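Enquirer: Chain by chain, the residues:
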Amino acid sequence: MDPVKTEIVVLGGGPGGYAAAFYAADKEKKVILVDQDKRLGGVCLNRGCIPSKALLHATHLIREARRSSPRGIHFADPRIDLAQMRSWKESILDRLGQGIAGLAQKRGVEVLQGRGHFEDSRTLRVETQAGQKFINYETAVVAVGSKPAMPSAFDLGSKRVMTSTEALELEEVSDELLVVGGGYIGLELGTVYATLGSKVTLVELLDSLLLGADSDLVRPVMRYAQEAFKEVRLKTKVLKMATSGKQIKVTMESEKQRTEELYDRVLVCVGRAPNCKDLGLENTKVEIDDQGFIEVTPQRRTADPAIYAIGDVVGGALLAHKAAKEARIAVEAIVGETSSFEDVVIPAVIFTDPEVAWCGLTEAEAKEKGIAVQVAKFPWAASGRAMTLDRTDGVTKLIIEPETERILGVGIVGAGAGELISEGVLAVEMGATAKDLADCVHPHPTLSETLMECAEVFYGYATHTFMRKRTGSALREAAR
Amino acid sequence: MDVKLPRLGEGADSGVVVNILVSEGEPIQKDQTILELENEKAVAPIPSPVSGTIQKIHVKEGDEITVGQVLISLAEEAAVPRVSGQAKPEAAPESVEKALAPPPGETKEEAAPAGEYRYEAKSGFPPPASPSIRKLAGDLGVDLTRVRGSERGGRVTLADVRAYIQWLQQIAFEKKPAVAREAPARAAESIDFSKWGPVNKKRLSPLRRTVSERTAQAWATVPHVFQFDEADITALMELRKKFAPLYEKKGGRLTLTALALKAAVAPLKKFPIFNASLDEAAQEIVYKEYYHIGVAVDTESGLIVPVIRDVDKKSLLELSKELAEMAERTRQRKVSLEALQGGTLTISNLGGIGGAHFTPIVYKPQSAVIGLGQGELKPVVRDGKMEARLMLPVTVSYDHRLIDGADGARFVRELVGALESFKEEDFKLEGK
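If you're matching them up, the sequences are chains L and B in order. Numbering follows the working numbering, in which position 109 of the first sequence is assigned residue number 109; successive positions increment by one, without gaps. Numbering follows the working numbering, in which position 274 of the second sequence is assigned residue number 274; successive positions increment by one, without gaps.
Be a bit skeptical, because a hint or two may be false.
[Unchecked claim] No farther apart than 30 Å at their CA atoms in a straight line, the calculated lysine-lysine pairs in the DSS-like style are these:
#, chain 1, residue 1, chain 2, residue 2
1, B, K241, L, K29
2, L, K159, L, K230
3, L, K27, B, K135
[Said to hold, decoys possible] Derived coverage of chain B by chain L (criterion: at least 3 residues anywhere in the stretch with Cβ under 8 Å from a Cβ of chain L; other residues may be distant):
#, region
4, 118-124
5, 345-355
None of these hints come from the bench; they were simulated from the model. From a predicted model like this one, the values you see are computed outputs, not experimental measurements. Ideal Cβ positions, reconstructed from N, Cα and C, are used throughout, including at glycine.
Use the sequences and the hints to build the structure in full.
Expert: Below is the structure:
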């Protein structure tokens, strides 16, 4: 069969891949988008961000109802129809998937469903249902993403040992659920199952949950987990698992104490691994680093000049919005613009209860790198809006460069932190100072005020908190 | 990261790429030379500020490039995020003051120091600027660390970038017309020489262009007087012959130029006007209390004049060593720009090649130049008897605006006297 010729082929239809394909088409390139899933959208849409947020929202309602008794609203226990919840969730994914397919069609992006395999630096073979197709391309963008890691010691081939993929299918709400891994996926899905009625035991190898987040931001989440989950065990290692009748026998070790326990299901959330294998990358000049990620330049070009790579497959933060930003950079580099993935602020959001979000420099990072910073914090107990929401379990903080008062990082824990962080991203990207933030009028009563008041805390004149100690510079600044 | 052409020194904002020493895909070390840049009168090696692998070379040999232009794109070695950058604590307080200082541009005087501005933050973060401004700067090849930000915290705005570019244009324009005014004849019509026979053409190198501009300008503005004389160097050459091996052992070369350097000091001290310059703008004579003597060196690509500093404070051995080193460095085009500046007088010795008197052009803004020809045995009448003596042709060219003929004659006599009166003691190495 004659190979199809195209300017750009994008391998992988996730938020990095389809963004790259669309942007390239918007820049008048002929583009083919190859994805093995029936529905475009990648992990994000099919097995990640979107379904998990749908389930989190649905269960949030249950949690909110339970919190309503002090407000004088009393609900009976909810009746949960899992099948309906599943189909509701699926309907969201379908609509979004169709949306992406429609946008591809309108842009003239050809979508090819099948597994892609590089024959050489300029040829991609695609195994479609209608047989093999060969694509001759000028430039390829690899955006094949990542998949949940499953250590072989846990891989029993049993449906009772799940990764996030299976957990999101919501097959059943088992009684005793073990969540291995206290990262954001374990906590988010643990929250969903705990709300639906599972007794959740969460174990984490390290001495804290949510690696990467500042400890003061993690604290409210830890408090929630301790309340909502049956148990949270830190510094605990899962050694092995075995099937035991209809249950899973799990051997754990904590402070040199070994225990064996039975669980109805186990959810393994110990990280994600790039999908670099079986792509035929060995037939190209693409190079892979020690951890299995594709090596790229700041322009997201691989060691093979005709091949770019973006998203989870190149490592860094494994986040959809990082992939989407890289899609822009890669396409701009391909069409000859000067773009590079440098000094890009990638916000992180964890959709726990409460949510945690941060961007730019974290306090822990500053300490680790020896960067002198000043930290201003505004507790949500002082926020009227938080009070009306019964969500005073929040903190907003700013990481500030002392000499210039420039905002280097923003951290938020609290209800809706994921939405609030965008203002922080804008501030950091724009090189705003705390004064800039303090001087912007924020609407009352909103949680966004906490950002403004936090900046005011830095200068010592936040209206809704009182600080006896004011530094000289803060006073000077206040007098300006 | 993109490696840009750094600022090289006073008056060296641009140059021509003569040699690219690296290739794409090649790993390079910090401080490894990326390319050689020819500017004014030197070839400067441009080192890489970091280690990494070269992704792209943006310039080619023969390109005229300016400060701030991107030379190469590097993939840095370690995957250390830029956030961790090299914090330079000692520089921070001052830089912050600068960062908070007002923007450049209201007046020309204020604009000038903008060239020295460098953004540095203790945290190691790049200058604060919005993403669109950073992109714009990237597209234009503007290094944002050089742009003084006018907003709070030193944030760079579009207006700041515009002011910076205007400042760059201003200094570029200020330079160019000056040259054009002073060398109006350059725009002469091309003549088609191939009408009369085969020719081949070669572009003027930057060095040749500089020599041509400088000499034409000096010739056009300096009223030259040439004073000829001859020095009897018979005794001097005998002394030289006697001491040359000793000097050689110590690493010095006892050349006539070295001796002339030594001999020139006393006449310069006696006639300071020969060590002075005319400040045309201020209408002042600037007498210099230092004696930095330039020595014309013949290199493959043309004339270069490195300067030997504080000639009056150096022994003959020191001078002979320094001169040999400096001449060698100059021939290899490794001499720094600084070494070419600040001369108060120049010596041009063509004796090694041959020829008698010649009329060297004063190297403006110096006021005089000494030209030495080839010493030759000549019949000389001494005490009524004819003798064969080794006679050295000596010329002093000088700027008649500053120096009159009588002083010219006095100076050349003094110089000849100095060359003729070298004694053994002058050669003896100090016993320290």
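Enquirer: Decide, hint by hint, whether the structure agrees.
Expert: Tested hints:
| no. | hint | result |
| --- | --- | --- |
| 1 | B/K241 to L/K29 | 80 Å, violated |
| 2 | L/K159 to L/K230 | 22 Å, holds |
| 3 | L/K27 to B/K135 | 18 Å, holds |
| 4 | 118-124 | holds (count 4) |
| 5 | 345-355 | violated (count 0) |
Violated hints, in rising order: 1, 5; the structure is consistent with all others.
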